Amino acid sequence: MPIITLTTDFGTKDHFVGAVKGAIYKELKEVKVVDISHQISPFSITEAAYILKNAYQNFPEGSIHIVGVDSEISLENKPIALQLEGQYFICCDNGILSMITKDINPEKIVEITIQNSSENSFQILDTFVKVACHIARGGMLEVIGKKINNIKKLFEIQPQINADKNQIVGSVIYIDNFGNVISNITQNVFIQIGKGRDFEIISRNYKFTKIYNKYNDIVDFKEPKEKRQDDGKRLAIFNSANFLEIAMYRSNLKTVGGASSLLGLKYRDNITVRFIKRDETRKT
Amino acid sequence: MPIITLTTDFGTKDHFVGAVKGAIYKELKEVKVVDISHQISPFSITEAAYILKNAYQNFPEGSIHIVGVDSEISLENKPIALQLEGQYFICCDNGILSMITKDINPEKIVEITIQNSSENSFQILDTFVKVACHIARGGMLEVIGKKINNIKKLFEIQPQINADKNQIVGSVIYIDNFGNVISNITQNVFIQIGKGRDFEIISRNYKFTKIYNKYNDIVDFKEPKEKRQDDGKRLAIFNSANFLEIAMYRSNLKTVGGASSLLGLKYRDNITVRFIKRDETRKT
Amino acid sequence: MPIITLTTDFGTKDHFVGAVKGAIYKELKEVKVVDISHQISPFSITEAAYILKNAYQNFPEGSIHIVGVDSEISLENKPIALQLEGQYFICCDNGILSMITKDINPEKIVEITIQNSSENSFQILDTFVKVACHIARGGMLEVIGKKINNIKKLFEIQPQINADKNQIVGSVIYIDNFGNVISNITQNVFIQIGKGRDFEIISRNYKFTKIYNKYNDIVDFKEPKEKRQDDGKRLAIFNSANFLEIAMYRSNLKTVGGASSLLGLKYRDNITVRFIKRDETRKT
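Residue numbers (the numbering used here), protein chains in the order written: chain A, 1 to 284; chain B, 1 to 284; chain C, 1 to 284.
Think of the hints as simulated: they come from the structure by calculation, not from any bench.
A portion of the hints provided could be inaccurate.
[Stated by the list, open to error] Covered stretches of chain C (in silico footprint by chain A; criterion: 3 or more residues with CB under 8 Å from a CB of chain A, positions within the stretch not fixed): (1) 1-14; (2) 41-47.
[To be verified] Pair by pair, the computed Cβ-Cβ distance ranges are: (3) A/Arg197 / B/Lys222: 47 to 55 Å; (4) A/Gly86 / C/Gly86: 31 to 39 Å; (5) B/Gly138 / A/Lys147: 43 to 51 Å.
[As the list claims (entries may be wrong)] Below, computed lysine to aspartate or glutamate pairings styled on EDC-like, alpha-carbon distance capped at 16 Å: (6) C/Lys29 / B/Glu30; (7) B/Lys165 / B/Glu200; (8) B/Lys152 / B/Glu200; (9) B/Lys26 / B/Asp126; (10) B/Lys214 / A/Asp126; (11) C/Lys26 / A/Glu61; (12) C/Lys214 / B/Asp70; (13) A/Lys222 / C/Glu76; (14) A/Lys153 / A/Asp70; (15) C/Lys13 / A/Asp35; (16) C/Lys222 / B/Glu76; (17) C/Lys227 / B/Glu76; (18) B/Lys266 / B/Glu85; (19) A/Lys26 / B/Asp126; (20) B/Lys222 / A/Glu76; (21) A/Lys13 / B/Asp35; (22) B/Lys227 / A/Glu76; (23) A/Lys214 / C/Asp126; (24) A/Lys227 / C/Glu76; (25) C/Lys108 / C/Glu142; (26) C/Lys277 / C/Glu200; (27) B/Lys214 / B/Asp231; (28) C/Lys29 / A/Glu61; (29) B/Lys13 / B/Asp35; (30) A/Lys26 / B/Glu85; (31) B/Lys214 / A/Glu72.
No experiment lies behind these values; they were computed from the predicted model shown.
Don't be surprised by glycine CBs; every beta carbon is placed ideally from N, CA and C.
Pulled out of the complex, with its shape left as it was, chain A reads as follows (with noise of 0.2 Å):
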C-alpha cells in the first residue's frame, strides 16, 4: 500500500487533519498516511511550492500527495492530480506544483471531475480523499478526470537574469525555522549563468563573496575553541534544497534571532548575485 502525504496550512490545533486522516483509513486501512507540514502560512503557494519540491524527492515511488493550501474548489481554482516520475499529486491549479514541474515534465495531468456539487466549506476531506484512495487502489486518473496539458505557472519562483548574463536577481522566497532566509536563485542557474566568475552577492546592505556548502565550513577548527566567535556570523550557502540561502551559524530566532530578524530580510526582499569579468578581479 503506497503512502499518502498531506501539506497543508490547516495548522495542527483544529480538527481538520485529523479529520482528513480518519477519512483516509475509513476508506484504506493498510496506507500510511504522512505529515509534509500542517504550518504552511495561510494560502501561500510559494511556501507550499518551495516544501513539497524539497519533501516529495525523497518519497518511494507511487506516493501519493495531497496539498490542502488555497483548495477550496471554485470556477477560478480547479483540482488537479498530476503523475511525476511515478508519484501523484493532488491539489488546485493555483500554482503550487510549477515549482516541481519546472525541470521535470509531468508524466499527466487531469482536471478531476468527480468532486461532488454538495455545498460544502471543506472540499478536500470530499473530493482529494477520493482522489488518493483511488489512486492507492491502484486506479487511473482518467477515472477521476479529463486529461489536460498545462497548469498554472507561479512566477516569483523564478529568477530574472539580465542580457549581459552577469547579474541574477532573485527573492525570498521562503524563511526556515531557524530564521535562515531562503532565495529562489538555484545552485544549477548560479553554475549556468556563473561559468566559474567570481560574484558578489547583494541583499540590503550586505555583500558576501563566498558560498559555503556546510554551514560549519565557516569555522576554523584549527583554532582552539575557546577563541572562536562563530555563532551568529552570517554566510551564504547553497542549502541541502541547492537553492542560495542566506544563514546565520547557530541561529536561534526566539532568543539572540536569526538571518530574518537580524539582518531584517524579508518574503520577496531582493537578492541579487552579480558576476564579475575575470579582467576586473585580476585588477582589484
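Add chains B and C to chain A, keeping to what the hints say.
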C-alpha cells in the same frame, strides 16, 4: 487492529506525546496511533469537545479516542470509557463528551476502576493507555470499569433560545487556525427555530443577513479578477462542521489578521440570531 | 519491524521532517516512524537530553532513536550510534546522551564511519537514516562504525552537592508546555542526600517546604468546590519523570501565565534544596 487517536493539551514539544505513543506500541505492535490535536488550550474542555466531535465522525468503526485534557484523575474527575456509534472514548468525566452525546446516545458508559493507586502525576500514561489497549484487543468495557448511566454535561455548548422562539443567543466556542470565530449555534438548531424566516446575526457592532455555505460564495466570479477586492471581507457561514461561523475571506492571523483579531471577537463572546416575522420583512 | 523515532530542532513547518520520513520509508516500507519532538529549541542539547530520556523509556526493545539536534557533522561533532537497554540511539557526540547514560551503562558505542564525504548541509538525511535502516534490518553496529568507549558528558545536567551533604544546588533545565519549571534534581538524589530530613526549596524569593506527587494533591476536596481557589497556586512536585519541578496548578502560559512567567524562572536559574538537621526542626 483498530486506530487509537490522541487529543490532548500536551503540546508537541514535551516528551509526553512520544511517551504515550511508545507505551501504546510497547503493548500493541500493530495498532495505528493517530494525532487529532495536541494544541488544545491547557485545560480547555470546550475546545477539546469541539475538536473531538468534528474529528471522530470521520474515523472508522472500532476507533478508540484517548482524550488527555484535564485528565488528572481525582475524586471529582473520574476516568470513564464510553462507547458510541461503535467507537470508543477514554477521558475524564469533565464534560468533554457532552457535545458528542448531545445528539447521539452512548451505547455504554463505564467508570474506569483499574487505575493504579500509585502516586504519579501523569496518569494518562498508566490508565488510559491500558484501557485503550484492552479495548483494541477486543476486551469488554465491563472488565475495566463499572457501568454508569450518566456523564457530566457542559452547559456552555448550548445556545439559549427565548420563549417566543425568535431569538438564539449563542456564544463563541472556538477560534480556528485562520482566526475564524465559531459559535455554538448549529445549522440544525438554526433551521428548527428559524423555520425559513429572514434573520439577522449580530455580534458586537457587526450584522450579517446572509449565511454562506462556502467561503468563496462571497466572490462574484463574473467580475474581472483584478477588480475584485474580496480578501478580508467578512461573512457568516455554516462551516464544514455545520456550526455558524464568522469568517474573513482568505485571512491570515499572523499578517493581516483574521475575524477574531479584526472584529475583536473572543472565546465566550455573544453571537445572536434574531428571526424576523414575515410581515416585518415585507415592511422593510 | 522496529520503531524509528525522531527528536529534532527542525520545527514542523519546513520540509526537513517530511524529507527524513520519506527517505526512511523509501528504504524500509514496513518500519514505523514516530515523532518524539521537533520543537527542541535550536541547538539545545539540554532540552533534547531531557525529552529523549523521558520518552525513550516507554518504547519497546529494539526501538531506534534518531536525534537531529546540533547534528551537523564536523571534526568536533562526530556521529555516533549507541546501544542501551536493547534500544539504539543515533546522534552526534555532543552530550545529548549523557542524561541517559548517567545511570545506565551503554551496551555498545560506535563512532559512525559511513558518512559520505559529499558536501551537504543536511547530513541527518544521508547518514543517520542509513544507519537507522541498517539497525532496523538487524545489522550490527560494528558494520557502520568503530567501537569507542566514552561519549561526551554534559555537566549542567548534574546538580551540585555541598561537602556537608545538606544542600543541593540545582538549576532549571526545562520549561514545559504548561510553563512548569523543571530542575536537574531527581527524586533519587533528593532521597539519597536528604535521608528523610525536613527541607526547604528556594528559588528566587520563593520557598517550598513540601513536595507533592500529583498536581491535584494541592486541592482540599473536603472544601466545597465553589470556595476553593486552587488555580494558579504554586507547588513543588516530583513530576512524572521524577525530577523536582516548580509548578502552578492549572496554569496556561498563553492566558494567565505559568510558573515560568509568573515566578520569573528561566533556563539555568538556580533551584536550591536545603536540608535541615533534625535538631533544628525540633526547635522551630
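Here is what the structure says about each hint:
1. 1-14: Coverage by chain A holds here, the residue count being 6 at a Cβ distance below 8 Å.
2. 41-47: holds (count 3)
3. A/Arg197 / B/Lys222: 47 to 55 Å: Holds, since A/Arg197 and B/Lys222 (Cβ atoms, about 52 Å apart) stay within the stated range.
4. A/Gly86 / C/Gly86: 31 to 39 Å: holds, 38 Å
5. B/Gly138 / A/Lys147: 43 to 51 Å: Between B/Gly138 and A/Lys147, where Cβ atoms are some 47 Å apart, the hint holds.
6. C/Lys29 / B/Glu30: Holds. C/Lys29 to B/Glu30 sits at ~14 Å (cutoff 16 Å).
7. B/Lys165 / B/Glu200: holds, 14 Å
8. B/Lys152 / B/Glu200: Between B/Lys152 and B/Glu200 the Cα gap is close to 33 Å, so the pair fails against 16 Å, i.e. violated.
9. B/Lys26 / B/Asp126: holds, 13 Å
10. B/Lys214 / A/Asp126: holds, 14 Å
11. C/Lys26 / A/Glu61: holds, 8 Å
12. C/Lys214 / B/Asp70: holds, 13 Å
13. A/Lys222 / C/Glu76: holds, 11 Å
14. A/Lys153 / A/Asp70: The given pair, whose Cα atoms are some 15 Å apart, holds under the 16 Å limit.
15. C/Lys13 / A/Asp35: Between C/Lys13 and A/Asp35 the Cα gap is close to 10 Å, so the pair holds against 16 Å.
16. C/Lys222 / B/Glu76: Between C/Lys222 and B/Glu76 the Cα gap is close to 11 Å, so the pair holds against 16 Å.
17. C/Lys227 / B/Glu76: Answer holds: C/Lys227 to B/Glu76 is near 15 Å, not above 16 Å.
18. B/Lys266 / B/Glu85: violated, 33 Å
19. A/Lys26 / B/Asp126: violated, 29 Å
20. B/Lys222 / A/Glu76: holds, 11 Å
21. A/Lys13 / B/Asp35: Given pair A/Lys13, B/Asp35 holds - Cα atoms ~10 Å apart, limit 16 Å.
22. B/Lys227 / A/Glu76: Measuring from Cα to Cα gives roughly 15 Å; hence the hint holds.
23. A/Lys214 / C/Asp126: holds, 14 Å
24. A/Lys227 / C/Glu76: holds, 15 Å
25. C/Lys108 / C/Glu142: Roughly 9 Å separates the two Cα atoms, so the pair holds.
26. C/Lys277 / C/Glu200: holds, 12 Å
27. B/Lys214 / B/Asp231: holds, 14 Å
28. C/Lys29 / A/Glu61: holds, 11 Å
29. B/Lys13 / B/Asp35: holds, 14 Å
30. A/Lys26 / B/Glu85: holds, 14 Å
31. B/Lys214 / A/Glu72: Satisfied, since the Cα-Cα distance of roughly 8 Å is no more than 16 Å.
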